[in-house]
Structures are given as C-alpha cells and as structure tokens.
Amino acid sequence: MNAIDTAIRAAAASITVKGLTKAYDPQTVVIPPMDVELKAGEFTVVLGPSGCGKSTLLQMIAGLERVSGGKILIGAREVQDLEPKHRGCAMVFQNYALYPHMSVFENMAYSLKVAGMAKAERAERVAAVAKMLGLADYLHRKPGQLSGGQRQRVAIGRAIVREPGVLLFDEPLSNLDAQLRHDMRIELADLHRRIGATTVFVTHDQVEAMTLADRILILNKGRIEQFDTPKAIYHHPASVFVAKFIGAPPMNILPVTGDGSALRLADGQVVANAPLTGAYQLGIRPEDIVVDGKADGHAVKAALRFREDLGSHSVLAVDLGGSIVRIATPFGADIADRLELLLNFPTSRLHLFDAATGRAIPGAFGAQ
Amino acid sequence: MIENARSLNITASIILLIGMVYISGPLYLTLTTASHSYEFMLRNGLAWYPGDQLLANMARVFTETRIPIQMLNSLLVALGNAAATCILSFLSAYAIVYFRVRWAGFAFALILATIMLPLEIRVITTYQVASNIFSPLNALLDVTGLNGLVAQVFGAPVHLEWSVLNTHFGLIAPLVAHGTGTFLFRQFFRTLPTDLFKAARMDGAGPIRFMFDILLPLSRTSFAALFVLTFLSGWTQYLWPLVGASTPDMQTAVVGLARLVPDAEGTVPDFPMIMAGAVIVSLVPLLMIALLQRYLVQGLVLSEK
Chain A
10 MNAIDTAIRA AAASITVKGL TKAYDPQTVV IPPMDVELKA GEFTVVLGPS GCGKSTLLQM
70 IAGLERVSGG KILIGAREVQ DLEPKHRGCA MVFQNYALYP HMSVFENMAY SLKVAGMAKA
130 ERAERVAAVA KMLGLADYLH RKPGQLSGGQ RQRVAIGRAI VREPGVLLFD EPLSNLDAQL
190 RHDMRIELAD LHRRIGATTV FVTHDQVEAM TLADRILILN KGRIEQFDTP KAIYHHPASV
250 FVAKFIGAPP MNILPVTGDG SALRLADGQV VANAPLTGAY QLGIRPEDIV VDGKADGHAV
310 KAALRFREDL GSHSVLAVDL GGSIVRIATP FGADIADRLE LLLNFPTSRL HLFDAATGRA
370 IPGAFGAQ
Chain B
37 MIENARSLNI TASIILLIGM VYISGPLYLT LTTASHSYEF MLRNGLAWYP GDQLLANMAR
97 VFTETRIPIQ MLNSLLVALG NAAATCILSF LSAYAIVYFR VRWAGFAFAL ILATIMLPLE
157 IRVITTYQVA SNIFSPLNAL LDVTGLNGLV AQVFGAPVHL EWSVLNTHFG LIAPLVAHGT
217 GTFLFRQFFR TLPTDLFKAA RMDGAGPIRF MFDILLPLSR TSFAALFVLT FLSGWTQYLW
277 PLVGASTPDM QTAVVGLARL VPDAEGTVPD FPMIMAGAVI VSLVPLLMIA LLQRYLVQGL
337 VLSEK
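Chains A and B, in that order, give the protein sequences.
Per the working numbering, the first sequence starts with residue 10, numbered consecutively.
Per the working numbering, the second sequence starts with residue 37, numbered consecutively.
Hints listed in this document are in silico derivations from the structure and should not be mistaken for laboratory results.
Glycine included, every Cβ here is placed at the ideal spot set by N, Cα and C.
There could be a bad hint or two in this list.
[What the hints assert, rightly or not] Reference listing, derived: stretches of chain B covered by chain A, where coverage requires no fewer than 3 residues with Cβ under 8 Å from a Cβ of chain A: (1) 221 to 233; (2) 247 to 256.
[Unchecked claim] Which residues of chain B face chain A? A few of them, derived with a C-beta cut under 7 Å, are: (3) Ala209; (4) Arg237; (5) Met238; (6) Asp239; (7) Pro243.
[Said to hold, decoys possible] Capping the alpha-carbon separation at 16 Å, the derived lysine to aspartate or glutamate pairs in EDC-like fashion look like this: (8) A:Lys27 x A:Asp90; (9) B:Lys234 x A:Glu74; (10) A:Lys27 x A:Glu115; (11) B:Lys234 x A:Glu92; (12) B:Lys234 x A:Glu180; (13) A:Lys122 x B:Asp249; (14) A:Lys80 x A:Glu46; (15) A:Lys48 x A:Asp276; (16) A:Lys240 x A:Asp223.
Generate coordinates for the entire structure from the input sequences, incorporating the hints supplied.
So, in structure tokens, the structure goes:
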C-alpha cells in the first residue's frame with residue numbers, strides 16, 4: 010500500500026440522496042423522488058435496462074446534470090448546487106473521453122494542472138498512479154497509440170489521480186471485447202480492494218453487477234426496485250422485474266391460482282401446497298427445477314420444445330400449461346431426448362409474487 | 037473500380053490531356069505574353085512562344101503601377117478576412133454545439149442562409165450599409181415613429197452617420213459574414229466524442245479552459261484549412277473591393293489589375309505589363325497553396341489524426 014492508496018481510502022465519502030428527482034418537463038419524469046444511501050468505501054452497481062435513468066442518476070451525482078428537486082450529500086456536504094470540480098467526484102466514461110492530443114501523462118495530470126498544483130508534485134502523483142495501474146512505460150504515448158484496455162486504465166488513472174472521495178463509472182466496460190472485459194472486471198475489483206474508494210458503477214450487464222458489487226441498486230423507470238447484496242438479489246428478488254432481470258437464463262415466472270390449499274397452473278396441475286386463494290405469479294430459477302426427480306409428490310408434466318447444449322449444462326425449454334419454462338440441467342445430467350418430462354418444483358426454491366403489483370410475497374411457503 | 041481495358045485507358049488519358057490544355061493554355065499565354073515587349077505585341081499580336089522581357093515587364097509593374105501597394109491592401113484584406121472568419125466561425129460553432137442555447141437551431145439556420153445569399157447578390161444593400169453603418173438604426177427609428185418624438189422634443193430627428201467605405205475595415209467586414217466556416221467547425225465538433233466536454237468539466241476545466249486547452253488544439257487542421265480557403269477567397273475577391281474602395285491606394289491588386297486596361301477607346305492596352313502583373317499577383321496564393329496544401333485536404337475531409 011502506498012501513499013495514494015491511503016489518501017483515497019481516507020477521502021472515501023458516503024453518498025446520501027434525499028428526495029432526488031429529475032424531470033425534463035412535467036410529462037417526462039426520468040427519476041421520481043428517490044431516497045438512497047451509499048456507504049463510504051462501498052462498491053455500488055446501479056443496474057437497469059437502458060432508459061431506466063441510471064446514467065442520469067450518475068450524472069446528477071457528478072454534477073453534469075442539474076437536479077430538478079431534492080438533495081445530494083457527499084459526506085456531510087450538500088452538493089446538488091455545486092460545480093462538478095467542487096464535489097470531489099471523478100468519473101470514468103464509456104468511451105474513455107481521453108484528450109486525444111495529450112499524452113498519457115498530460116491526460117492524467119490535467120485535472121491537477123487545472124487545480125493549480127505545482128509541477129513537481131503533479132509528476133510525482135501521476136507517477137504513483139501510473140505505477141499502480143501498470144502504465145509507467147506508456148506515459149509519453151498518445152491515447153491513439155494505446156490498446157482498449159490501456160486506454161481504459163488511463164481513464165481510471167485520470168480519475169483516481171485526484172484522490173476523489175467518490176469514483177463514478179459510466180458503463181466503462183461496454184466498449185471492450187469479452188476477454189478484455191473479463192480481465193478489466195478483475196482489475197477493477199482488485200483496484201477497489203486496494204484503494205477502497207466509494208464507487209458508483211453504472212451498467213446494464215448483470216454479470217458485471219454480480220461480480221463487482223458490494224450492493225446492487227436495481228432501477229426500473231427511475232424507481233428503485235431493490236437495493237441489496239448480489240446474493241440477496243439473486244436469492245430473494247423483491248419483484249418480478251428483478252427476478253427476470255437477474256440470472257441467465259432469467260427466472261421463470263408462471264401465472265398460478267390458489268384454491269385455498271394448493272397452487273394450480275393455468276392447465277390445472279398442482280405445483281405446490283399453500284393456503285392461498287386468488288391469482289399470483291410463481292417464480293423459479295431454471296437451475297432449481299428438478300427433472301424426473303421424486304420430490305414432495307407434486308410432479309407436473311411438460312412437453313419438451315427444444316434444448317441447447319452448452320457443454321457445462323443444457324438449457325431445456327418446455328411448454329408448461331401454455332407458458333415456456335426454461336430449465337438449466339445440473340452439470341453432467343444426462344437427459345434423454347423425449348417429448349414429455351416430469352418436473353418437480355422444490356417448495357423451498359419457489360418465489361411468490363403479487364399478480365397485480367409484481368412485488369414479492371416473502372414467507373409464502375414458510376421460512377425462505 | 038479499376039478497368040484494365042487498353043482503349044479505355046487511352047480515351048481517359050486523352051480526355052485528361054484536353055482538360056489540362058484547356059486549363060493551362062490561358063496560363064501559358066499569360067506567361068508568354070508577359071515575357072514580350074509592348075512593341076513586339078503590337079507588331080505580332082498574340083505571343084505563342086516565350087520571350088526575354090519577363091523581368092523587365094515585372095520591374096515595370098513595380099515602378100509604373102500601384103500594384104505593389106494594392107498587393108499590400110490585398111494581403112491585409114485576405115489576412116484580415118481569414119483571421120476574422122476563423123475566430124468568428126470557431127466561436128459561433130462552439131456556442132451552437134456545446135451549449136444549450138435557446139433558438140440555437142434558428143441561429144444556425146440564419147448562419148447557413150448566408151451561404152445561400154452570397155455577397156454578389158446583396159452587394160447593393162451591403163454598399164448602402166457600408167456607406168453608413170447606422171442606416172439600419174436610422175431606418176428603424178423612422179419606421180417606429182421614435183424619430184418623430186425625438187424631433188418634437190429636441191427640434192431635430194436623430195440621424196447618425198458612419199461610413200466605412202474606402203477603409204480596410206469596410207473591405208473586410210462584409211466578407212467575414214459568411215457561414216461556411218461555422219458549418220465546417222460544427223461538423224468537426226460533431227465528430228468529437230461528446231464526453232470530452234463532460235470529462236473536462238469533471239477535471240475542473242470551465243468552458244473557457246476547455247476551449248483553449250482541448251478544443252483549440254484539436255481544431256488545428258480545421259483552422260488551417262479554413263484559413264487557406266478564406267485567404268484565397270479574400271485575395272481573389274473582385275466585386276466588393278471594386279465598389280467598396282474608390283481610391284487607387286485603397287483598391288486591391290485584383291481590382292488594380294483590371295484598372296490597368298485603359299478606359300479610352302482605340303489604344304491597345306499594355307498587355308505584356310498587365311500579364312506580368314497578373315503573374316506577380318498570382319504568386320501569393322500559389323505560395324499559400326503550396327505551403328498549406330496538406331492541411332487543406334486534411335481539413336476538408338474532417339478527419340483528425
């Protein structure tokens with residue numbers, strides 16, 4: 010650990026958002042009033058489909074976008090009316106946004122130069138960051154002479170050289186190819202472990218969210234669907250939206266009806282016992298469905314539509330009571346090609362959602 | 037498409053050759069005429085081969101005509117036009133692309149309209165305004181009836197006058213009002229990543245610093261290209277300098293050249309000397325193109341490397 014690591018760790022500040030809204034006009038509300046608190050040093054991933062307001066949220070924290078109402082606090086300071094440079098944030102952009110005519114050194118030193126730091130101190134600071142990111146040999150190159158991964162590192166270096174209290178990432182990995190994206194993900198996780206900066210990372214890629222985040226903030230149309238650890242979000246999704254958004258293939262959602270003692274599918278087959286009445290949505294992850302097993306007696310018949318062999322596992326798509334259900338078979342399971350399958354839905358793995366609101370109903374099948 | 041047919045090659049070469057002769061023929065005649073004496077021309081008419089009087093004719097241009105001082109005027113007009121156009125275009129494009137200006141689209145449309153209404157079309161109104169810069173204001177006061185009021189109170193209506201005719205400023209200013217440069221810079225700015233502006237803001241650079249530290253260095257080639265283009269157009273302007281400047285010492289070289297042809301009927305103009313003058317006047321833009329040709333092409337394809 011060197012000086013710059015400690016400095017950033019010390020600067021890490023919490024972000025508190027109180028009643029924050031963004032609306033371009035009364036008809037187009039991007040973010041309805043939002044309250045959320047991101048802890049100091051925490052790695053938060055803001056996840057959501059395109060147009061859900063996640064980039065707008067990030068830019069409002071950064072100060073690049075005006076807030077329509079509410080407050081943003083970084084540490085204990087209200088910052089919503091401050092210029093970006095006074096907020097102590099740094100940002101990594103999707104297309105890196107490096108200055109093409111400046112060398113790597115000049116790119117990283119620019120903010121320090123604008124801030125009026127002495128030349129010798131600037132050089133020292135940049136050298137320390139460059140060493141940390143493995144860029145020491147490239148300081149005199151122009152961004153055009155670097156590979157995608159190196160440019161990404163320069164962009165990160167440019168952000169952390171200011172020792173910001175908050176580090177913001179706007180889909181920084183979406184321009185890289187699959188292999189590089191994987192490497193950068195590991196590098197980012199490693200970097201965060203070392204410098205411990207409060208990090209807000211916007212993405213629409215659930216793999217990035219699951220692997221990087223301390224907590225994931227899932228946005229849908231500007232509203233927070235769920236804000237929790239990756240594990241909790243995967244195992245206890247708070248709504249149908251979250252359930253369908255996380256996981257590949259995503260969670261199966263089936264319309265069911267309760268008759269007071271059991272839940273029935275649209276075609277009348279019983280999938281589980283529960284003292285419920287009325288319409289619900291039943292969720293189960295593809296890997297939780299047991300094929301040909303002999304669990305608690307409720308076996309349902311389903312017609313096989315097609316299968317995809319992915320080597321480590323196969324994904325079966327079956328027709329169950331009129332809806333398509335995807336099943337991820339466990340590693341090595343050999344399932345013969347046939348038209349009809351018997352499926353078991355283990356009760357402990359079921360998720361129940363309200364049919365109208367889509368919100369989860371916890372504890373519907375006893376303790377979960 | 038690359039064709040290898042021999043006949044096609046020959047035809048293409050012939051067409052090219054005809055084109056070259058068509059373009060360089062007059063230039064050749066200019067040079068040959070410039071290199072003969074006046075007497076030779078009077079005796080033999082058109083000179084088809086070079087003579088030995090070129091330097092003598094050029095020397096006469098310097099001693100007997102006002103072309104040297106007029107070239108200085110041209111230089112001033114061309115440089116002023118190029119510099120002012122570059123600065124104005126850069127600033128207006130910066131405002132249009134990077135700021136959420138109310139009516140930005142409308143302003144840009146107005147700027148583009150200047151391309152469709154060149155100086156040649158509005159030369160009479162331009163002359164009117166140049167002869168009194170305040171004439172639009174005077175007209176406005178008259179139309180709105182304000183002047184009647186002023187006349188009642190102060191005894192006389194307001195009538196302001198400031199003529200810029202026959203000044204260097206008057207020669208340059210109407211040429212600068214042209215939207216091509218704004219369009220060029222706008223297109224160039226559009227090719228830059230939009231996050232650059234945001235990144236600079238995050239780094240603490242305000243709009244002015246962003247302009248000087250980032251936008252300006254990136255626009256070097258566009259600047260050079262626009263500078264060459266507007267310099268050339270300023271140097272070769274004919275109509276506006278012709279009406280905008282009335283004394284020989286204020287006229288530009290291109291106008292001065294045309295004035296060397298005597299107005300009187302019957303006398304044969306001193307074509308060798310005029311052609312020598314034409315050669316001298318052409319040397320400046322020629323030099324300019326030779327030196328900055330690289331930027332001219334780069335700037336026009338709008339690619340920053």
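Original post:
Under a C-beta cut-off of less than 8 Å, do 3 or more residues of the stretch 221 to 233 of chain B approach chain A closely enough to confirm the stated coverage?
Top reply: Our answer is that it holds, as 3 residues pass the Cβ test (under 8 Å) against chain A, meeting three.
**OP:** With a cut-off of 16 Å on the C-alpha distance, tell me whether lysine 48 of chain A and aspartate 276 of chain A pass.
**Re:** Distance of about 48 Å is beyond 16 Å: violated.
**OP:** Sort out whether aspartate 223 of chain A lies within 16 Å of lysine 240 of chain A, counting only the CA atoms.
**Re:** Within the cut-off at roughly 10 Å; holds.
**OP:** Take a quick look at whether lysine 234 of chain B and glutamate 74 of chain A sit within 16 Å of each other, Cα to Cα.
**Re:** holds (10 Å)
Subject >> aspartate 239 of chain B as an interface hint toward chain A, with CB separation required under 7 Å >> reply: Where the cut-off is 7 Å and the nearest Cβ of chain A is about 4 Å from aspartate 239 of chain B, the hint holds.
Original post:
Within 16 Å, alpha carbon to alpha carbon, are lysine 80 of chain A and glutamate 46 of chain A?
Top reply: holds (12 Å)
Original post:
Under the criterion that the straight-line Cα-Cα distance not exceed 16 Å, is the pair lysine 122 of chain A, aspartate 249 of chain B satisfied?
Top reply: holds (11 Å)
Subject >> Given pair status - glutamate 180 of chain A, lysine 234 of chain B, alpha carbons within 16 Å >> reply: Roughly 15 Å separates the two Cα atoms, so the pair holds.
Subject >> Agreement of hint proline 243 of chain B with chain A interface, Cβ distance less than 7 Å >> reply: violated (11 Å)
**OP:** Take a quick look at whether lysine 234 of chain B and glutamate 92 of chain A sit within 16 Å of each other, Cα to Cα.
**Re:** Cα-Cα ~12 Å, so holds.
Subject >> Restraint status (C-alpha distance of lysine 27 of chain A to glutamate 115 of chain A at most 16 Å) >> reply: Between lysine 27 of chain A and glutamate 115 of chain A the Cα gap is close to 37 Å, so the pair fails against 16 Å, i.e. violated.
Original post:
Are the Cα atoms of lysine 27 of chain A and aspartate 90 of chain A separated by 16 Å or less?
Top reply: Roughly 14 Å between the alpha carbons, so the hint for lysine 27 of chain A and aspartate 90 of chain A holds.
In summary, the numbered hints that this structure violates are 3, 7, 10, 15.
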